[in-house]
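Engineer: Take a look at the letters that make up each chain.
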Amino acid sequence: MQGNQQQQAYDRGITIFSPDGRLYQVEYAREAVKRGSASVGIRTPDGVVLAADRQTRSPLIEEESIEKIHEADEHVGIASAGHVADARQLVDFARRNAQVERLRYDEQIGIEALSKEVTDHIQQYTQTGGARPFGVALLLGGIEGGEPRLFEADPSGTPYEWQAVAIGGGREDIQAHLEEEYTPEMDLDGGVTLALESLAVGTDELEAGSVDIATVDTETEQLRSLSSEEVADYAAEADLGGEDDE
Amino acid sequence: MQPRLTSEVKTMNDPIDPQQNPYEPELGSFEEMSEQDSDTVAKTGTTTVGVSTEDGVVIGTDRRASLGGRFVSNKNVTKVEQIHPTAALTLVGSVGGAQSFIRTLRSESNLYDSRRGEPMSIHALATLAGNFARGGPFIAINPILGGVDDDGSHVYSIDPAGGVMQDDYTVTGSGMQLAHGALEGEYDPELSIEEAEVLTARAVQAATERDTGSGNGLVTATVTEDGVEMAEYDAATDLL
Numbered sequence: 001m002q003g004n005q006q007q008q009a010y011d012r013g014i015t016i017f018s019p020d021g022r023l024y025q026v027e028y029a030r031e032a033v034k035r036g037s038a039s040v041g042i043r044t045p046d047g048v049v050l051a052a053d054r055q056t057r058s059p060l061i062e063e064e065s066i067e068k069i070h071e072a073d074e075h076v077g078i079a080s081a082g083h084v085a086d087a088r089q090l091v092d093f094a095r096r097n098a099q100v101e102r103l104r105y106d107e108q109i110g111i112e113a114l115s116k117e118v119t120d121h122i123q124q125y126t127q128t129g130g131a132r133p134f135g136v137a138l139l140l141g142g143i144e145g146g147e148p149r150l151f152e153a154d155p156s157g158t159p160y161e162w163q164a165v166a167i168g169g170g171r172e173d174i175q176a177h178l179e180e181e182y183t184p185e186m187d188l189d190g191g192v193t194l195a196l197e198s199l200a201v202g203t204d205e206l207e208a209g210s211v212d213i214a215t216v217d218t219e220t221e222q223l224r225s226l227s228s229e230e231v232a233d234y235a236a237e238a239d240l241g242g243e244d245d246e
Numbered sequence: 247m248q249p250r251l252t253s254e255v256k257t258m259n260d261p262i263d264p265q266q267n268p269y270e271p272e273l274g275s276f277e278e279m280s281e282q283d284s285d286t287v288a289k290t291g292t293t294t295v296g297v298s299t300e301d302g303v304v305i306g307t308d309r310r311a312s313l314g315g316r317f318v319s320n321k322n323v324t325k326v327e328q329i330h331p332t333a334a335l336t337l338v339g340s341v342g343g344a345q346s347f348i349r350t351l352r353s354e355s356n357l358y359d360s361r362r363g364e365p366m367s368i369h370a371l372a373t374l375a376g377n378f379a380r381g382g383p384f385i386a387i388n389p390i391l392g393g394v395d396d397d398g399s400h401v402y403s404i405d406p407a408g409g410v411m412q413d414d415y416t417v418t419g420s421g422m423q424l425a426h427g428a429l430e431g432e433y434d435p436e437l438s439i440e441e442a443e444v445l446t447a448r449a450v451q452a453a454t455e456r457d458t459g460s461g462n463g464l465v466t467a468t469v470t471e472d473g474v475e476m477a478e479y480d481a482a483t484d485l486l
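So the protein lines, in turn, are chains A and B.
Under our numbering, think of the first position of the first sequence as 1, with each following residue one higher.
Under our numbering, think of the first position of the second sequence as 247, with each following residue one higher.
Heads up, a few of these hints could be off.
[Stated by the list, open to error] Derived CB-CB ranges, DEER-like:
| # | chain 1 | residue 1 | chain 2 | residue 2 | range |
| --- | --- | --- | --- | --- | --- |
| 1 | B | Gln265 | A | Glu67 | 17 to 25 Å |
| 2 | A | Gly129 | B | Gln266 | 52 to 60 Å |
| 3 | A | Gln99 | B | Asp396 | 20 to 28 Å |
| 4 | A | Asp233 | B | Ser275 | 42 to 50 Å |
| 5 | B | Asp434 | A | Glu147 | 32 to 40 Å |
| 6 | A | Arg224 | B | Pro268 | 26 to 34 Å |
| 7 | A | Arg132 | B | Phe276 | 19 to 27 Å |
| 8 | B | Glu430 | A | Asp187 | 48 to 56 Å |
| 9 | A | Glu185 | B | Phe276 | 47 to 55 Å |
| 10 | B | Ser319 | A | Gln127 | 45 to 53 Å |
| 11 | A | Ser58 | B | Glu364 | 42 to 50 Å |
| 12 | A | Glu27 | B | Asp405 | 40 to 48 Å |
| 13 | B | Asp414 | A | Thr218 | 47 to 55 Å |
[Stated by the list, open to error] To spell it out: a stretch of chain A is covered by chain B in this simulated footprint if at least three of its residues, at any positions, have a beta carbon under 8 Å from a beta carbon of chain B; those stretches are:
| # | region |
| --- | --- |
| 14 | 19 to 30 |
| 15 | 40 to 51 |
[What the hints assert, rightly or not] Some chain B residues flagged as far from chain A (calculated, every beta-carbon gap over 12 Å):
| # | residue |
| --- | --- |
| 16 | Gln265 |
| 17 | Thr324 |
| 18 | Gln328 |
| 19 | Ala370 |
| 20 | Glu471 |
The set of hints was computed from the structure by calculation and includes no laboratory data.
Each residue gets a CB set at the ideal place from its N, CA and C atoms; glycine is no exception.
Using the sequences and the hints, build the whole thing.
Structural biologist: Okay, structure coming up:
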């Protein structure tokens, strides 16, 4: 019985390792990410695509108020999965760091440097008493030195760079689809289409109207949100209801 | 023994890692300095010259440290130092201020490089130097920053108030008018590195002849994409 009590203790204290070396609170935070609707990031030679499924609870909600893709700076977008409120804190951290880079060096921050600043920040919440880890995973996409870059930040605070990646609910299925369909040569249009198809794989009821898509292309180096009409066009092209291919 | 479950609670007003102040170095801090201090600091006379060419930047400085230009306190000062794999900065004005300024910039540049796996651009380095000059206690410094990066060769002058100005060639220090006279009309962006070294030596020599705060030879730093090469001459005329 005492053993049972101790086991409970390991998963309550964020700064306490379990005897087999795990941080349960961090693993639980990953579960929180899985409960969120999915976001997808795809890197093409022409730019980066971020796509997020903002599942709506009711047709009466204003869709614009569900924030899943954020602008960190004009050349960086951040998509999230998990607790939106936690994501907002991290997004604001990223925004401030992007501006610090301009104040300090008069330069745009690189996607890798920004991602690592964010993940270092996340990491501290896995090692500080009284704090709780962030229940959110992020995808940071943008252009750095003319090159598209795409990073994932998970609740443990580890940065990963990807060609194409999914976070959130249904991640395994979506990632499998990406692994099958992604090609490094695909253009930005192809990336948007694949992102939509992939989101559809992860859920039973994907509505084109509830998908948020943003791109940063190498030509303008600006984050651009696609209008709902544009998303609908891509969805029609991808023949969303059906499976795979096209 | 039960593991402890509770510990002090962090509040949102008490961030775990506070944001970096863009006007201060990440490591160490600037000390406050009063107006009176600024009157008593040792100031060198000095002539420092920076000339940019297509292939790189040549920086030339004299070697004299003087007390107000009336007494030569040191005849063998190196007033240009490497602060970055492909950039060098000159010491002008208060010796202590300039030396600490150089150490600070060098450590910031090293930190940036090891974190990001690539050196700072020269524009970023100049911006940072301007921020530090403005935010720090370096009341009496007026250095030249010369460096090479992916965008080519750059020469900046940094003034004590944090002003950062880029130019093809520039001079700071007590001999600046004399050295400028030697450069004016002679500069050509298509100079070779060797020709730029000679031009720099001529400018430092002009100041050496007439400025009591400058003299005792020449130190050059030649910055190319391969790095910084320093050379010392007992007389600026050795290069002419």
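Engineer: If a hint holds in the structure, say so; if it does not, say that too.
Structural biologist: Going down the list of hints, with the structure as the test:
1. B:Gln265 <-> A:Glu67: 17 to 25 Å: 22 Å, holds
2. A:Gly129 <-> B:Gln266: 52 to 60 Å: 24 Å, violated
3. A:Gln99 <-> B:Asp396: 20 to 28 Å: Distance hint for A:Gln99, B:Asp396 holds at roughly 24 Å.
4. A:Asp233 <-> B:Ser275: 42 to 50 Å: Since A:Asp233 and B:Ser275 have Cβ atoms about 55 Å apart, the given range 42 to 50 Å is violated.
5. B:Asp434 <-> A:Glu147: 32 to 40 Å: 36 Å, holds
6. A:Arg224 <-> B:Pro268: 26 to 34 Å: 28 Å, holds
7. A:Arg132 <-> B:Phe276: 19 to 27 Å: 36 Å, violated
8. B:Glu430 <-> A:Asp187: 48 to 56 Å: Holds: the Cβ-Cβ distance is about 53 Å, inside 48 to 56 Å.
9. A:Glu185 <-> B:Phe276: 47 to 55 Å: 51 Å, holds
10. B:Ser319 <-> A:Gln127: 45 to 53 Å: 52 Å, holds
11. A:Ser58 <-> B:Glu364: 42 to 50 Å: 49 Å, holds
12. A:Glu27 <-> B:Asp405: 40 to 48 Å: Violated, at about 55 Å.
13. B:Asp414 <-> A:Thr218: 47 to 55 Å: 32 Å, violated
14. 19 to 30: With 0 residues close enough to chain B, the hint is violated.
15. 40 to 51: The restraint on the region 40 to 51 of chain A is violated, since only 0 of its residues have a Cβ under 8 Å from chain B and three are required.
16. Gln265: 6 Å, violated
17. Thr324: 27 Å, holds
18. Gln328: At roughly 19 Å from the nearest Cβ of chain A, B:Gln328 sits farther out than 12 Å, so the non-interface label holds.
19. Ala370: Contrary to the label, B:Ala370 does not stay out of reach of chain A, its closest Cβ about 4 Å off (not over 12 Å).
20. Glu471: Nearest chain A Cβ is 17 Å from B:Glu471, so the label holds.
The structure fails to meet hints 2, 4, 7, 12, 13, 14, 15, 16, 19 from the earlier list, while all remaining hints are met.
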